[in-house]
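S.K.: This is what each chain is made of:
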Amino acid sequence: MSAAAHSDTVMPSVLLPAHETSLAVAICNVHKTFGKHHVLDGITLTVAQGQTLAVLGRSGTGKSVLLRLIIGLIQPDSGAIRIHGDDISGLSLDHLGAIRKKMGFLFQHAALYDSLTVAENVAFPLQHHRRDLSQSEKQDRVRHLLAEVGLDGDLDKMPSNISGGMQKRVGLARALALEPDILLLDEPTAGLDPISSREIDELILKLQKEHHMASIVVTHDLSSARTIADQLALLDRGKVVAEGSFEDLQQSDNPFVRDFLKVL
Amino acid sequence: MQIPASNLVGRFLEWFGNIGIFFANVVRSGITPPYEWRELVRQLDEVGAKSLPLVALAGAAVGVVISLEARYSLSRFGAKSLFPATLVYSVIQVMGPIITGLVVSGRVGAGIGAELASMKVTEQIDAIEASAVNPYRLLAAPRILACILMMPLLTVAADACGLLTGWVAQAMVEPLSFQQFIESGFRGATFNAFVPPTFKTAVYGLIIGLIACFQGMRTTGGAEGVGRAATNSVVLGSLFLILADVVLVKFILVVFP
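Chains as they are written, first to last, in my numbering: chain H, 104 to 367; chain R, 121 to 377.
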């Protein structure tokens, strides 16, 4: 990804070789409209393997929509989304499934299956995609994943009986179950107290170091983004108004960027 | 505000188009492996075994009502000897299937609609899809198939209860052994008289399951959307079930005279 922060316009990274397979995710000139609302207006971003990109912006600027496009839950009106060089636009559910196995998604409200226990939630992707593993191997993997997110004592609890922070941890463990190359995190610290937020940030950092994943984190939390991301992209009215490292963004003379960073 | 008629027609056609696409997706996903056997067994229990008490009770009530009405009507025309056949044919050909369909539509249709709608608004269906699992294969196909498979069995149960309580209601007024009742009721009965009306309920099952899954999986709008999905599942399911009954009765009369 381009390291320089941009002042008024951003050079389209689509000029980068989007087919290059070293790029884990390449979003090329993507447009998305809901009714009359043009949510994403020519977004271009790339993330290399092992890199973490934080997508920032005000509410309603299409950050979560961007993540949903990347995992194929919705389709772009135009533009391309490439995962390891493969364009995912227009793929059938089953073909998309093969690409989704390389990705883990943490939803904003965790989206745990409320009829399953914590352990069953984490085991869900394994039950469907790792039929080569025995039940005891799957159970061991679930215990290991839950221990990794600090929840090894809560296997049999129901999602409704654990706190929001714990639900996020379970969601994170579930997202990691298939050992993904790409991790998509939608507001991982939203609604959490400062201590839980910091714990989640530390956990994400630890997992990134251990698993060398490409991560895209959508967040409002600037301090969290500064902690966990190598690169930041700031969205405003459906466009990327600045991208680069935190220090790059601090140098920006774009009034919106300066205003946004003022919070810190 | 009044909605123009052309808009209503457009929305109606759009609904049909969308449910057609949904059905095609379910069939395509359901017939290709991996098959969700465990979920199918769970749904067979949910739709079949758990509906059985209610269906049996409804069938039993219908049997008593037909018995009381038939005895009175037949007595007026001096045709009391036709009572067993009247009860058998009324229950098995007409009332058993439709009552079972409406009861299952109320219980199962609302249940499926609300469950899937709740999963939709809490992003659980998106989470299933994000986990690279096909939600049509995991959620819709087993529910619809369970409705199709269980409806004829539930209808047989409702018919049996209806005949039993109908006979009891008659026997309490004047002596009639169960053996006499059955022999007289089924005398001259053919395959065409009872089997097609029972198996037509598989179509009711398809209608109930398909509409409930469709309404549930396309829900938007939080708790209000969940309520709307449950209500629409029952209302539309029951409506199309009754319309289908009209068509199926005519179809059976033509194909199985």
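Hint data in this document are derived by calculation from the structure and do not stem from the laboratory.
These numbers come from a predicted model, not from an experiment.
Just to be clear, a hint being listed does not mean it is correct.
[To be verified] One side of the interface only, derived from the structure: several residues of chain R facing chain H at Cβ under 7 angstroms:
id, residue
1, 246
2, 251
3, 252
All C-beta atoms, glycine included, are put in the ideal place defined by N, C-alpha and C.
S.K.: Run every hint past the structure and note whether it holds.
M.R.: Results for each hint:
1. The criterion of a C-beta within 7 angstroms of any C-beta in chain H is met by residue 246(R), whose closest approach is roughly 5 angstroms, and the hint holds.
2. The restraint placing residue 251(R) at the interface with chain H holds, with a minimum CB-CB distance near 5 angstroms, inside the 7 angstroms limit.
3. At about 4 angstroms, the closest approach between the beta carbon of residue 252(R) and any beta carbon in chain H falls short of 7 angstroms, and the interface hint on this residue holds.
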